[in-house]
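Participant: So the protein lines, in turn, are chains C and Y.
Here the first sequence is numbered in the working numbering, starting from 19 and rising by one per residue.
Here the second sequence is numbered in the working numbering, starting from 141 and rising by one per residue.
Take the hints with a grain of salt, since some may be wrong.
From the structure, some residues in chain C lie toward chain Y, with a derived Cβ separation under 8 Å [unchecked claim]: (1) His565; (2) Gly680; (3) Val682.
Pair by pair, the computed Cβ-Cβ distance ranges are [to be verified]: (4) Arg165/Y - Ser672/C: 25 to 33 Å; (5) Gly704/C - Arg165/Y: 28 to 36 Å; (6) Val213/Y - Phe687/C: 20 to 28 Å.
Hints listed in this document are in silico derivations from the structure and should not be mistaken for laboratory results.
Virtual Cβ for every residue (Gly too), placed ideally from N, Cα, C.
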Amino acid sequence: MAPLPFELTPAIAALPFVSFLIALFVGAFAPRLLPKGGAVPGILATGGSLLLSLWVMLTVSGGETYHEYVTWVAGAGEATFDLHLGVLVDPLSAMMLVIVSLVAFLVHIFSLGYMNDEGETGLPRYYAGLGLFTASMLSFVFADNLLMAFMFFELVGLCSWLLIGFWFRDDAPPSAAKKAFLVTRFGDYFFLVGLVGVFATFGTSMFVGGEGEGAIQSFPHIAEQVLAGEGAAEVTTYLGLDPQAWFAVLGLLILGGVVGKSAQFPLHTWLPDAMEGPTPVSALIHAATMVAAGVYLVARIYGFYALLPQVLALIAFVGGFTALFAATMGVVKREIKQVLAYSTISQYGYMMLGLGAGGYVAATFHLMTHAFFKALLFLGAGSVIIAMHHNEDMWDMGGLKDRMPVTYYTFLSGSLALAGIVPFAGFWSKDEILYEALVHGLNTPLLLAAYVMGLLAVFFTGFYTFRMVALTFHGEPRSDTARNPHDVRWNVKGPLAVLGILAAVAGVVNMLPVQKVLGVKNIDFLHQWLDSGPEALSAHHYGELLHDFAHYSAGTIGSGVTTVLLGAGLSLALALAGAGLAWKLYAVPDPEEHTDKLGGAKTVLFNNYYQDEYQVWLAEGLTLPLARAADKFDQGVIDGVVNGVSSVSLFGGSRIRRVQTGVVSNYAFLLTASFVVLLVVIGLVGGWF
Amino acid sequence: MVPIEYYLLLSAAIFSIGVFGILTRRNALLFLMSVELLLNAANINLVAFSRFHGNLTGQTFSLFTLALAAAEVAVGIGIILVLYRNFKDVDVTEAATMRW
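Taking the hints into account, I'd like the entire structure generated from these sequences.
Facilitator: So this is what it looks like as structure tokens:
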């Protein structure tokens, strides 16, 4: 019998699901019975999820983990497999459950201010979407196998479509929602193929194996045994590849879904458009649910990726490139939410860089701190947008510092975290990612290239963050609404305050540089946390896999301490340089658009490197004509042959049927004549004559 | 005793008359009569061979054939009756409306 909180784990996802059902059905049939348009059930449900998640986390910290599943499709015979639905609670999922339910809870409260107080219509639909979104993400987090994870991954995508397109009467939101849905679905297609491949190869998609003889093994574990050449594990490979290469193919296919959901280059184009949705939804999508799902999936099956050095290098390179690429675009944007959108892409690039560079703990750490500070920044931007009567252009703002101090100080805390200024949360996590990339990169050139891109992105991150802060809150107000902003209430300030504090202090859970330089023991709480739990899912085990299979080894510059200091000093200096430059240029009473001096480069950046244009060209200029040609081939050649056969038969039939005259004498004549001919033939052949 | 060839010749002659009738006549009643001739040509053969081999089985068979022919005539006349009701005539070439 498992401890009570573990038995209650499914309820963490079930509570928001119930709030979804309440908001949906009561909202549809008896809207008057629904207080605050469905916000109250949503807040109660996510609050309950948060408390349960905390309880689960507390139990996990006692060293216990939980894995239980039911078989919902049982295979028959030898060559088939069972499909399971299960709950896996280990340190990673327990931590993520707390993050997701906390952010969802705060977003629900914030929505009271952003949606209810602003007199939006269709609130039950909004809260139903939020409830389902939270429920799907929480189920995704505690899923114990790849199939279940995939199902909720898709549900998360559906909910993002519902919520981004919430204001469906306007032109832009439905289009943005469709784009988000289609682009992520393009990635998920590869994930689906990879999922089927995993089943066909390993016969199971479990993340963690059972104990004892004959229990189901996890697929990363089987892969590890096969590559090590030990154990009796049998796998089926395809395309004539050896296991190593085939596993890399599977890893890349699953990575397709990750790249789509976590908005990595080249499937990042949906994310900036997703800003068309309500701002609390953006906070939820970017901090804790949709976009986090991709990175979380890689962390969840890290035991598999750690075996594949080529895939890891690709993850790191794509991550580093995306970090730099998105950060440069954030520099020139006019709208506050656009800047944040590109910063999200960039920050998830860092997480991918961390995972690819062998920094499992570092990436998970950044996932956590980013969830706090990016939710904070989006909610802060939401507060600013309320104040500005839904004008999002930063060039119409300015001087909001004195008029909305709570928003300003919490937003500043989030910005310092995002820019990576010590001692805010983002500094510790980003620095650890860069440190991992650096030490492993010293022995791997590709990782070093990814590290350099990540390092450059730090400068741009500092620049666009403080450009945003300075333009929004400092200087003189540049419009009438900025001179006289709308008030915000407790339901906006409360979530901001909670997240503001977390963004400032969350770094203490893993102050690795302090431990390494000053020699203070045991302050790497997150390392210890992720090292507890099942051996096969521990950070320690992943480290061994990286060393044995991916041949990652850490280099140093001088001694270990100087490497740490150099890495941290370099990134901090770049962040400060970027932030300082932005401060100098924009924190003046009447700032100009200094980015105009970039000339043609600005146009390219402002148009997002023409990524949208080239993807539209791919769709309209390449895929559409190709589809047309295929259609023509189908209609002309394939259908032509089929139609030709049928018209030949029809024509032939219409001629041959004239034999049937209907006159009985003719039939009699034919009978007789045939009989005579038959007789003559038999006679000739039989030699009668 | 009359040799068997005579009987066979008689039978062949009657059969040929029957076939000629079927091929040339348009009147359904003459059709029916011609079919009777064909049947009886076969009967003559059965009886002749029965006598030639000294075995009564053939004659028994011809009795069955006679009974069958009677039944066939009943059906045939029924058909001719329907033909007449529908076409006001017993010309077999008229009844060609159900071909295609």
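Participant: Compare the structure with each hint and give your call.
Facilitator: Now for the hints, and whether the structure bears them out:
1. For His565/C, the interface hint is violated, since its Cβ never comes within 8 Å of a Cβ in chain Y; the closest pair sits about 84 Å apart.
2. Satisfaction of the interface hint for Gly680/C is found here, the shortest Cβ-Cβ separation to chain Y being roughly 3 Å, below the 8 Å cut-off.
3. Below 8 Å, beta-carbon pairs count as interface contacts, and Val682/C has one with chain Y at about 5 Å; its hint therefore holds.
4. The hint said 25 to 33 Å for the Cβ distance between Arg165/Y and Ser672/C, and at roughly 32 Å that hint holds.
5. In this structure, Gly704/C and Arg165/Y meet the distance hint of 28 to 36 Å, their C-beta atoms being roughly 34 Å apart.
6. Range check, Val213/Y to Phe687/C: about 23 Å between beta-carbon atoms, so the 20 to 28 Å window is met.
Violated hint for the displayed structure: number 1, the only one.
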